[in-house]
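Novice: Take a look at the letters that make up each chain.
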Amino acid sequence: MSLTSLLNRFKSASVHPTPSESLSLSQLAPSILNLSITDTPEQWALYESLLLSTLRTGDDTSARLVLQRLADRFGNDNARIMALQGIYDECTATNQSQLEEVLKNYTDLLKDDPTNIPIAKRRITLLHSLSKKSEAISALTTLIDLNPTDAESWSQLAQYYFEISMYPQAIYCLEEVLLILPNAYNVHARLGEIQFVAAESVSGASKEAVEKLEASLRWYLRAVELCDGYLRGYYGVKLVTGKLLESKISATNRTIPEEKINKLNSVATVQLNDIVTGSEKGKKGFTGYDSAEVAAAKELLEATS
Amino acid sequence: MAQVVGQQILRDPSLFYWILFPITVVMILTGVLRHYATLLLQSAPKPLEAKAIREQKNYLHGINLRTNANQIPLSSFTSRKNYLVQAFQSGSFLKDPDAKNKPPANPMTDPNGMDAMMNMMKGNMMMIVPQTVIMGWINAFFSGFVIMKLPFPLTIRFKSMLQSGVMTRDMDVRWVSSLSWYFLCLFGLRPVFTFILGNDNSADQTMAQVQQMNPQANTQQLFGPGQDPAKMYLAEAENLEVMVQHEFVLDGIEDRILARV
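These protein sequence lines map, in sequence, to chains H and X. Per full-length UniProt numbering, the first sequence starts with residue 1, numbered consecutively. Per full-length UniProt numbering, the second sequence starts with residue 1, numbered consecutively.
Read the hints as simulated data drawn from the structure, not as lab findings. The reader is advised that the hints may include incorrect statements.
[Said to hold, decoys possible] Far from chain H by the CB rule (all over 12 Å, computed), these chain X residues:
| id | residue |
| --- | --- |
| 1 | Q42 |
| 2 | I63 |
| 3 | S79 |
| 4 | N82 |
| 5 | M114 |
| 6 | G136 |
| 7 | R190 |
| 8 | F248 |
[What the hints assert, rightly or not] Pairs of lysine-lysine, DSS-like flavour, derived with a Cα cap of 25 Å:
| id | chain 1 | residue 1 | chain 2 | residue 2 |
| --- | --- | --- | --- | --- |
| 9 | X | K122 | H | K121 |
| 10 | X | K159 | H | K121 |
| 11 | X | K95 | H | K121 |
[Stated by the list, open to error] Where chain H lies over chain X, by a calculated footprint (3+ residues, C-beta under 8 Å):
| id | region |
| --- | --- |
| 12 | 163-173 |
| 13 | 234-246 |
Using N, Cα and C, we set each Cβ at its ideal position, and we do this for glycine too.
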């Protein structure tokens, strides 16, 4: 197989590959490693993806070889190679104390060079997975103070805050992401989700809860406006409008008139129906949806009809 | 009247093998050589210090807030604005807060500026030296030769371009002198270099000129040498302060979506 066809295999893989998908990708290792090294950016991108796939499936020998070739080309003191090496170390660590060792290594590296962003990010994720959540958050805020224009850091921080139910902080972080990437529809939908969860956390029909639900609805609508046929967005619209139409929420607290909510609800229902039937039949223009998301949408449609 | 017959000049065919061909080959070879010499001489850009990164990125943060303010609710925007204006004015993001009131450092003594200047000088030397040498070589050996005839007619204005080095007023413009062939090669070989060396080669001088025009594009330095970050921060704080208009994009989104279907 040629370099481009191999690269396309990796590019067409989903963002969160299933175990079988990862396995089939990592089984490409021999054919990739046997290609002659042409020293093109594509080849090294392929090596990097392959490294992650092989680590995911536990093929540590191939991973070691790939990493070695990357290090031979770019040098062991390259920040990116250091981070990849770190991922390898984390994956091959078998117990808690070895992970602590890796963590200590990261801390030492950062002491030498505080601007090593890839290592700083590895350290934060490792802290988080070692359930030192508050340490991870404080390390991440330091990183953001250094570089507040990095969308990845902000969205990661939003995730960490969301996990410990600090919703206003999580929303703040996602708003920062929007300042950097104003058209990221997935971030809009995520804001809708967090507002929705935040509304759930306050008592049912209070004014505050309704306000949050309406904010959530608006974020979802914006996501849908930016991206036609965005399943997650329509799912959210349907869910939130359904919630707003529940009888226990008094009409006085709502700022959006009931008739509009009704209409939006039916728009979302129609769109979801289209997506579900379209993707089940594999119609043109409806491929590429995550099957789990389609199943969830189907369930929601059945539950409300 | 009979048709004007073009000028006929008898040329020795060896003019082609001994002048036209050598000039072209030498030009291509110097281009390739210059490309590799530039690569060798280039020093890797120095990584920035943490404080310098912080200074630049927080400045960008302010710009981001200003350009995309309409993406977030008014309350979120106001709280961010108040915070950033205060921080920008107090200069807490500055690399060196004490230097706020001092005049900007002389770019000649600034070590970062020196680095950039050294690189620029190396690049310039790589252009100037070979050009001078080759032009001297052509002048010494081949000046005054008429080496080829263009297959199409041209207006008289091209005379100075095509016949430099040959002081004959009455000669047809279609005749090309050796020195002019050198200039044509100098400016016209870019596609050849792109073919041999790939897209971002440094063999051609026009490319280098483009790079000199916008040095911002490929350096990570946001504040050029000689610019005072403290003043830029103050200006940005003022820009943020005067922003009174805020239209949240989510206002009226329900109607927009309903109008769409």
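Novice: Each of the hints needs a verdict: does it hold here or not?
Specialist: Hint check:
1. Q42: holds, 17 Å
2. I63: Check fails; 9 Å does not lie beyond 12 Å.
3. S79: violated, 9 Å
4. N82: Holds, since 14 Å exceeds 12 Å.
5. M114: holds, 21 Å
6. G136: holds, 38 Å
7. R190: The assertion about X/R190 holds, with a minimum of 23 Å to chain H.
8. F248: violated, 9 Å
9. X/K122 to H/K121: Given pair X/K122, H/K121 is violated - Cα atoms ~37 Å apart, limit 25 Å.
10. X/K159 to H/K121: violated, 64 Å
11. X/K95 to H/K121: holds, 23 Å
12. 163-173: violated (count 0)
13. 234-246: This one is violated; 0 residues, fewer than the three required, reach chain H with a Cβ under 8 Å.
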